[in-house]
Amino acid sequence: MPVNSADTAWMLISTAMVLLMTPALAFFYGGLVRRKNFLSTIMMSFACLGLIGVLWVVYGYTLAFGKDIGGVIGGFNFFGLINVGQTPSAVYAPTVPHMLFMAYQGMFAIITVALITGAVVERIKFSALMLFSVLWFTLVYTPVAHWVWGAGGWLAKLGALDFAGGTVVHIAAGVSALSLALLLGPRRSFLQKDSMEPGNIPMVALGAGILWFGWFGFNGGSALSSGGLASNAFVATQISAASAALTWMIISWIYRRPSLLGVVTGAVAGLVAITPAAGYIQPIMAIPIGIGVSLLCYFMMILRPKTGIDESLDVWAVHGMGGTWGAIATGLFCSVAVNPAGKNGLFYGNPIQLVWQLVGIATVWVFAFGMTWLIGKFVDKVIGLRVSPEEESVGLDISQHGERAYGGQLR
Amino acid sequence: MPVNSADTAWMLISTAMVLLMTPALAFFYGGLVRRKNFLSTIMMSFACLGLIGVLWVVYGYTLAFGKDIGGVIGGFNFFGLINVGQTPSAVYAPTVPHMLFMAYQGMFAIITVALITGAVVERIKFSALMLFSVLWFTLVYTPVAHWVWGAGGWLAKLGALDFAGGTVVHIAAGVSALSLALLLGPRRSFLQKDSMEPGNIPMVALGAGILWFGWFGFNGGSALSSGGLASNAFVATQISAASAALTWMIISWIYRRPSLLGVVTGAVAGLVAITPAAGYIQPIMAIPIGIGVSLLCYFMMILRPKTGIDESLDVWAVHGMGGTWGAIATGLFCSVAVNPAGKNGLFYGNPIQLVWQLVGIATVWVFAFGMTWLIGKFVDKVIGLRVSPEEESVGLDISQHGERAYGGQLR
Amino acid sequence: MPVNSADTAWMLISTAMVLLMTPALAFFYGGLVRRKNFLSTIMMSFACLGLIGVLWVVYGYTLAFGKDIGGVIGGFNFFGLINVGQTPSAVYAPTVPHMLFMAYQGMFAIITVALITGAVVERIKFSALMLFSVLWFTLVYTPVAHWVWGAGGWLAKLGALDFAGGTVVHIAAGVSALSLALLLGPRRSFLQKDSMEPGNIPMVALGAGILWFGWFGFNGGSALSSGGLASNAFVATQISAASAALTWMIISWIYRRPSLLGVVTGAVAGLVAITPAAGYIQPIMAIPIGIGVSLLCYFMMILRPKTGIDESLDVWAVHGMGGTWGAIATGLFCSVAVNPAGKNGLFYGNPIQLVWQLVGIATVWVFAFGMTWLIGKFVDKVIGLRVSPEEESVGLDISQHGERAYGGQLR
Amino acid sequence: MKKIEAIIREEKLDHVKRSLEDLGYFGMTITEVSGRGKQKGIALKWGGKENRVDFLPKLKVEVVVMDDDLPPALNAIIKSARTGEIGDGKIFVTSIEDAIRIRTGDNGNSAV
Amino acid sequence: MKKIEAIIREEKLDHVKRSLEDLGYFGMTITEVSGRGKQKGIALKWGGKENRVDFLPKLKVEVVVMDDDLPPALNAIIKSARTGEIGDGKIFVTSIEDAIRIRTGDNGNSAV
Amino acid sequence: MKKIEAIIREEKLDHVKRSLEDLGYFGMTITEVSGRGKQKGIALKWGGKENRVDFLPKLKVEVVVMDDDLPPALNAIIKSARTGEIGDGKIFVTSIEDAIRIRTGDNGNSAV
Ligand SMILES: Nc1ncnc2c1ncn2[C@@H]1O[C@H](COP(=O)(O)OP(=O)(O)O)[C@@H](O)[C@H]1O
Ligand SMILES: Nc1ncnc2c1ncn2[C@@H]1O[C@H](COP(=O)(O)OP(=O)(O)O)[C@@H](O)[C@H]1O
Ligand SMILES: Nc1ncnc2c1ncn2[C@@H]1O[C@H](COP(=O)(O)OP(=O)(O)O)[C@@H](O)[C@H]1O
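Here the protein sequences come in this chain order: U, B, X, L, F and H. Quick note: our numbering has the first sequence finishing at residue 411, numbered continuously throughout. Quick note: our numbering has the second sequence finishing at residue 411, numbered continuously throughout. Quick note: our numbering has the third sequence finishing at residue 411, numbered continuously throughout. Quick note: our numbering has the fourth sequence finishing at residue 112, numbered continuously throughout. Quick note: our numbering has the fifth sequence finishing at residue 112, numbered continuously throughout. Quick note: our numbering has the sixth sequence finishing at residue 112, numbered continuously throughout.
Bound-form chain U, shown alone:
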């Protein structure tokens, strides 16, 4: 098919918007840590922009979207972008240049790896994080992306729906975050119950605001075209984010005070939950999805520290659990009236869809948790995962990067 320039216009900007989400995430995470780790936390996301950005074009795209090998992984036909040209691919996004589809998918790979870093801030060795990222990207992200989105991927064939990355991005990142955090152990200050309040809440809000904006490209762009479906995904995204933000605000009001952190965390949770569903459901159904995700994630976030697990920025509670709820909700609310390429869900008379969703969820939970554990163990053996206690107490900005956020030598 020839390139459709309207679809391409929307995919161009969507791709740029998803790129912007990684710096936004850097600030969202960066504001949540203590000042002495502000730069190092930002750095974790920015390093992914470089590292995963390069790996994706070299071999990531072909592993995820290359010619299917047994439903499990892609072949090497797109290695180094061979055969990825200005004309559309035969199988993916038939109206936009193949290379643009490739770049769009690359932005997802980058942010997925960056998401995990929220679990390990304030104590991981930067070199270990880089090695981990390469391995995780190669051994977890590319196969999972292939299973769900690759032509011939086994989960796709099974019928599990994931519009924009509820399983591939959010569950995979959230569960891996949990696994890696368990391996790494809690921060010393977490153990000693030192005060660890967020260092810069305005930056968290800034990051959240830009994430919200970028997510329209993330979900709306996953229609891979401009028009009704993109609009449907876009509107559902907006409604879920608003509903979840409002819900979280109310819950936090009941238990404590209506906090800005609550509103922005709620918004992000709402965005996560709608991700797998956005292009398959009626937009108004995003209200129950958004309310549900805030209820679920709020209590997960309250619960988590009580278990003694220092999954520091709650990637698991928000992305892992939020993505899980979203994938389930997709199986409840999806409807072919919205998207003929989709399926009907439980509430539209097709209960089996929920089963496929659960299979998809379970697969990614198990695979991501296990593989992350193995990769983490390996990295720990080879170069060690954690910084020294002294480096941790000084902060990673200085100890890992030799920099300070403000004014150089002083704080």
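Source of the hints: derived by calculation from the structure; they are not laboratory data. Keep in mind it's a predicted model, so treat the numbers as computed, not measured. Beta carbons: idealized from backbone N, C-alpha and C, even for Gly. Since no wrong hints were added, every one of them can be taken at face value.
Stretch by stretch, here's where chain X covers chain B in the computed footprint (C-beta under 8 Å, at least three residues):
1. 187-201
2. 213-221
3. 225-232
Assemble chains B, X, L, F and H with the ligands onto chain U, guided by the hints.
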């Protein structure tokens, strides 16, 4: 009509850009207050994203754009987004999905309510603000939007032009800000002439920069299509913003020093003034419009504190007066050569258009001022508008939200 | 030709994205200086938004893109935007409204002037900078833009390729920065070897993140249409930025520590280098281009201070040298298979193209350096370039703008 | 010489500054601090129960004066910083053994 | 009256605060500072050679107490701020000549 | 023991630090402050009339030394912080009654 995917691409991104304006406003306002109220000011805008975001899809859209009832308000035919699907509406934006038009309009509703908060920072009770917002949105925003933009709205039928919200958004917000500020009374520090310099000017500039970007979606998107008209509105927006920024810089230079605050305030004033006119005038006419608005608003901002009125962040001076000037300028410079769906203005031989503009302005001034006063009085009776003196002196971040901007417990 | 609404949609958003780059640059630069000059550095870019924004529509566009006069400059046929309407121009961007093409080009003019300010921060008089900017814009930017991009411009006719501004924007700005910095002399603290660490690295990263996003509009939009070519430029941009960011991180790791400043500087260098090449090369070739630019610029940045030259924020090292490398690389890697409107380069059997590239580079180096020197000398004579030593030590925020970044009276 | 260390409300800096100026005391050093007094900060009601916010932002104003100037300077600060409400702050006085002006190297009273 | 100036680790503020509260000392003033001690900061290896990062962020806690309260207050701080590792901080004690409560104008011991 | 409190220009920190190091004084605490001296800040001309900008950013360097070390330490600071222009800063010296190293609990001179 079928969906046009190019128009839809532009409306998708425009909608996202207008969404981004509310976080941008949060930072623009947040940087202007003292640090102890930084989060609470940001929160006011973020809360609107959740609150108004939900109300809009539930009943706001149908009140504003539902089937006309006597020119005054919309019916309930779009309640809960029934009949708002992926195909275009019969009457609005005939080439883009109806639900996208709905979402686009929703972003305007959100930011309009957020704009008002600039008047009440540093002293309003958060619960009162939330209650006020619900009532104001319902009783002021939706009817005014219906009058001006709804099919069958009486101001639209009369012939008053408002391309992108000069009256609906800026005059309504600016005048309501004044009304509410009068009701609420000045901040204690304002009365005691304590020093109240802006807490974080870089964040003001950041907000302004993103607002400028988003405004292209606000005005350019109001063409509801991609092409010549959108470009006209876009270019006029750019020229007005630049002219007003430059003018304000020069005025502030004459009286004091060329200040960054001056440049960014000027830019925002220029963006406000061009809003009603952007799609009806020759872009080059944005130069006089931009120069005029900075002259007007600068002196209004100098004048305002002398009256003893603490309309804290000058929403009235910039949005109220800037929007008024813009609506008048529309009546002067509009031309059917630019937009066949528009009118000719005074300078194009049609003086009556100026009258319609003045009727529109006067209507919104009176209605918004009066209704806001009533709503404010009501809220004050029911739950009280102001925080206690102690809470005010501690700052709203702690007293209303239990949070601090930086580092938790310390400042 | 009629307006193509898909191309227009992409150009609308691209124009907005390039506008956003100037505030982004303000923060990128602002974070690099000491706190007492934070606002003044931001102000330098924001003032360009107003000043150059107005001059461009009044006479800049016509000088650069008006009817050619001897290959050297444009005529006055577009003065004050006469003849610049909603229909496409006969010669430029045949599918988008002429006024949109005009606005798009205007954003380039604004940021080019803003780029230079990095060389003179912390010591230039604001009035001198404004006068310099008017003259430089008029006497350097508009002719160079005409030579390279104007219909009939002599460098274009010669065959020098510059897709999105490697010579016009980056070499011109970088070389002028060097020239002006030499004229202005080093900062007093530079001479006294006082510590001058960056005041706010997170803001540098924020600026870089937004610049990366905006650059997709800068390079992708330079296709002046949506589709394969825009996608090619977009993807090449992404790959170069990622490759250069990764490379710089590794180099900085070898010599010191992997620093966030290194990653973001690398990303910007990668974006600079790909600018002239993006629409002429295979995207995968952006890997060697990105690696090359980081190697080159890193050592230039190490070298520069040793020469005793205080070209403060390394505009020359990054934009001047990066743009030069990019223009050379264009002559190496360009291929008509990618863009039929382009040329083949050295590696595709056409060595002469490299000569044309070198002619373009040399011309702009000599012209920009010399003219900047003359303009700088003139401004120095008329009103003096530098602030007084006392003003420099107090900082420009207070001395030039009467403002402080945080909290008014206190730091 | 004595050093006056006054912990005041942020909003009162201008008033304090002006009242010291009026008496001819120009030199001072300001630090941003956080503090709490006997009241343990401020009580706010959240979610049914009372919470205490301790550590409210304050400014520390340090003024070094000659011994004779102590009483009037103290008076000026007390008057201009007072609102009469909890949180007005504290003043501590210490003895300074020597003062030196870096620019000239002068020390003793002439340096203050 | 004595002024205790304790330079502590940022993370220890909560502990120090609570241990002082337990003894009934509520008043205190906190400042963000940067410091280094005898060890010249912290040694980190970069690019083959050792680099020293001096000036690590600390908090300065100032507590003014009556003379008799000095030993228990000091003890409380020492215990709650100690980790046993380098960088735990220092305490300096100075004499305060007078203390004044701005709100009331009271001075002397009753003002502390 | 004596406490040296030097209010210096921000840019001079490195110089001061190094000159103290050379004499073997490593311990110090730095605070960001704002200050003004006898000159009432700095005069700038705006809109025809003169305006004064008071409160310029400075750094406060605190060094506690044993009594004998006071003169050399003061000298080192004065030399390294001086530019000879207005705004070079001030030094105040106070007496410290006791010093304690939190890590070990040691007090007195050995703790400095
Ligand atoms: N014992 C103390 N030691 C050190 N600082 C104190 C002490 N008591 C009070 N302060 C400082 O004084 C400030 C004002 O104290 P506060 O008790 O609120 O004032 P008031 O006595 O007017 O109620 C506190 O924020 C704190 O910084
Ligand atoms: N001589 C000194 N003068 C002023 N402050 C000092 C001095 N020595 C140490 N400090 C302060 O005490 C802090 C802790 O000192 P450090 O030597 O790290 O503690 P420790 O003795 O436990 O190793 C330093 O960061 C610095 O702020
Ligand atoms: N009387 C004073 N009390 C407290 N601090 C002072 C006093 N006089 C000066 N300072 C501090 O010293 C700094 C330098 O003073 P300044 O008069 O500018 O120096 P110089 O004497 O070199 O002109 C001021 O910024 C202020 O912080």
